[in-house]
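Participant: Please take these sequences and the hints and turn them into a complete structure.
Chain residues, written in single-letter form:
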Amino acid sequence: MSPKNKAKFHRWREMPDLWVQCPDCRKMVTKTKVSAMIEVCPKCGYHFEISSRERIDTLLDPGSFCELFADLEPDDPLRFTGRKPYRERLKKAQEDTGLRDACVIGRGRISEIQIVFGVSDSRFMRGSMGSVVGEKICRGVECATAERLPFVFVSGSGGGARMDEGILSLMQMAKTSAALARFQREGGFFISILTNPTMGGAMASFAALGDIVIAEPKALIGFAGPNVVKETMKKELPEGFQTAEFFLEHGFVDLVVSRPDLRAKVAALLAYAR
Amino acid sequence: MMAKEAGGRVVSRTPDFEEPILEIDEKIAELKRFSASTDVNLTEQIQQLTRKSEEMKRRIFAHLTPWQRVLIARHSDRPQATDILDLVAEEFIELHGDRAFRDDPCILTGLARIGGRRCMVVGHRKGKTTREKLACGFGCAHPEGYRKAIQKMRLAAKLGLPVVSFIDTPGAHPGMEAEERGQAFVIALALKEMADLPTPIVCLILGEGGSGGALGIGVGDRILMLEHAYYSVISPEGCAAILWKDSGHAPAAAEALKLTADDLLGLGVIDEILPEPLGGAHRDVAATAETIKGALLRHLGEIGEAKRGDLVARRFDKFRRMGRFLENSER
Ligand SMILES: [Zn+2]
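First to last, the protein sequences are chains F and S.
For the record, in the first sequence the residue sitting at position 223 is 223 according to our numbering, with numbers rising by one throughout.
For the record, in the second sequence the residue sitting at position 321 is 1321 according to our numbering, with numbers rising by one throughout.
Read the hints as simulated data drawn from the structure, not as lab findings.
On a predicted model such as this, the values are computed, not experimentally measured, just so you know.
A portion of the hints provided could be inaccurate.
Dumping the calculated DSS-like pairs for lysine-lysine here, alpha-carbon to alpha-carbon at most 30 angstroms [stated by the list, open to error]: (1) S:Lys1158 - F:Lys84; (2) S:Lys1133 - S:Lys1318; (3) S:Lys1245 - F:Lys91; (4) S:Lys1133 - F:Lys235; (5) S:Lys1027 - S:Lys1052; (6) S:Lys1158 - S:Lys1318; (7) F:Lys218 - S:Lys1245.
Chain F is nowhere near these chain S residues, computed Cβ spacing over 10 angstroms in every case [claimed, not checked]: (8) Glu1054; (9) Met1056; (10) Arg1059; (11) Ala1135; (12) Arg1154; (13) Lys1158; (14) Leu1161; (15) Gly1175; (16) Glu1180; (17) Gly1212; (18) Ser1232; (19) Gly1294; (20) Leu1326.
Listed next, the stretches of chain S that the computed footprint assigns to chain F, with coverage defined by at least 3 CB atoms under 8 angstroms from CB atoms of chain F [as the list claims (entries may be wrong)]: (21) 1079–1086; (22) 1102–1115; (23) 1259–1269; (24) 1279–1285.
Glycine is no exception: its CB is placed at the ideal position from the N, C-alpha and C atoms.
Facilitator: Take a look at the structure:
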């Protein structure tokens, strides 16, 4: 360890609350610097996961967000019990996050432009799509259709589907895609923003259907999880496989935009749809 | 009996619970051969054994577990879309290619005449020989397969032909090339296109309804399902690996996932269950095909009467209603 790093390490030891280790470059960075960049590592540009609340606060005009359909709550249609009953897992996720399910939808403004905005919160059962997430997205899209507003959605979903809701979770893919089909047929403008990670059923439905698809740098994006792909191929995957940059190169993503620039970029894009 | 095959997929051989039936059936065949070659009259013995076989099938098939149904749905002798087409279509003109990358043999598309009715057929193909199975990715389609389906369905709409979709896949292909070519993006596009397609779509789940790969050609006005087929958001093995870190718990996962035809009818995901011959579709493919033909023609006839605009709106409502949640409840 270099003397400089050693000194830093000691400072970190003394004040652990002020420092955080970047999971990507493994460097210790101060929380103030990370937070100034909206939870981005100043050393390597790694994007930490952020809550739906933080996303709303940093992307929309201050105080402009007005939540819709907040009283929707998950049910347990399959009475699903794996190692733990779904009801228990839901209760814990609700207590941990203060959310009723993994999606927040509402009206808001970006640079004074009125939009319908939604975000999936990856802290709530990894942002997976069950009936509530699917229903909220549909209602949001329908609200945007009726009021002729652009729809902006920030996805973050590890597994994609909510396994505990079985086939009904799968059907949310068809349902959200159908809602967006109708919205876009009537001239609606949808900006889909992919964050780390957006996989499986979420990625293979609404998240992929943006008129413009933006991804945050290095975000993991794809259909099958990297472990499944690795097992199928029986070999190591190349560096950068299934990242935002990978899909930009292969022609599936319009833009890769880092979080501190996101607000301005989305505002600029929305200006074209007025 | 299970065997691990290339790609880590678990492929079923003869399911254990079927073995006693097979044993008796073999004995019957042996007696018949013997009787024919020696002119010894064994009619009575053969009839007795046949009765015993029927009774055994009835007993075993009256109490199938969800996992046993999964094994039947994956049975190596289970009729595939190609087998059914051979029996129900007077004409089939296969059409190839997605006009963009390549022809994925895992997705079968073509113009067909079924009971005098012209339509566009799309379906999964698992293949029969090892060479075919490898070419078809064991029923796991690539993005170009779904793009091919989209392209042919658009053609169907233009020609005013209904679409008949045969679903039978363990899931969309989870390989590197599939990811590179945008598996998620293409499936999403397929869902959107089917939601908007201004022509009737009837889907039939023949065997395996594996997740997004099944749904990728599975958005329609009617969703039919063979009695022992399954339809699930994740394979029982995949679910077991997540929940218990052990794919050996697949039977328990199959139970929890509610993936049988009865479950799906109850959840409002499918419209009708088509009964299979006793012992499963593979025991009498002709009878299975006859049932399928009747059901397809009946549904196509019913939907065909709707106006085009109403059709898309009704399909939208059908999927819009899917899901269960609570609202306005006290906290
Ligand atoms: Zn870093």
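Participant: In ascending order, which of the hints set out earlier in this document are inconsistent with the structure?
Facilitator: 1, 2, 15, 16, 17, 18, 20, 21, 22 and 24
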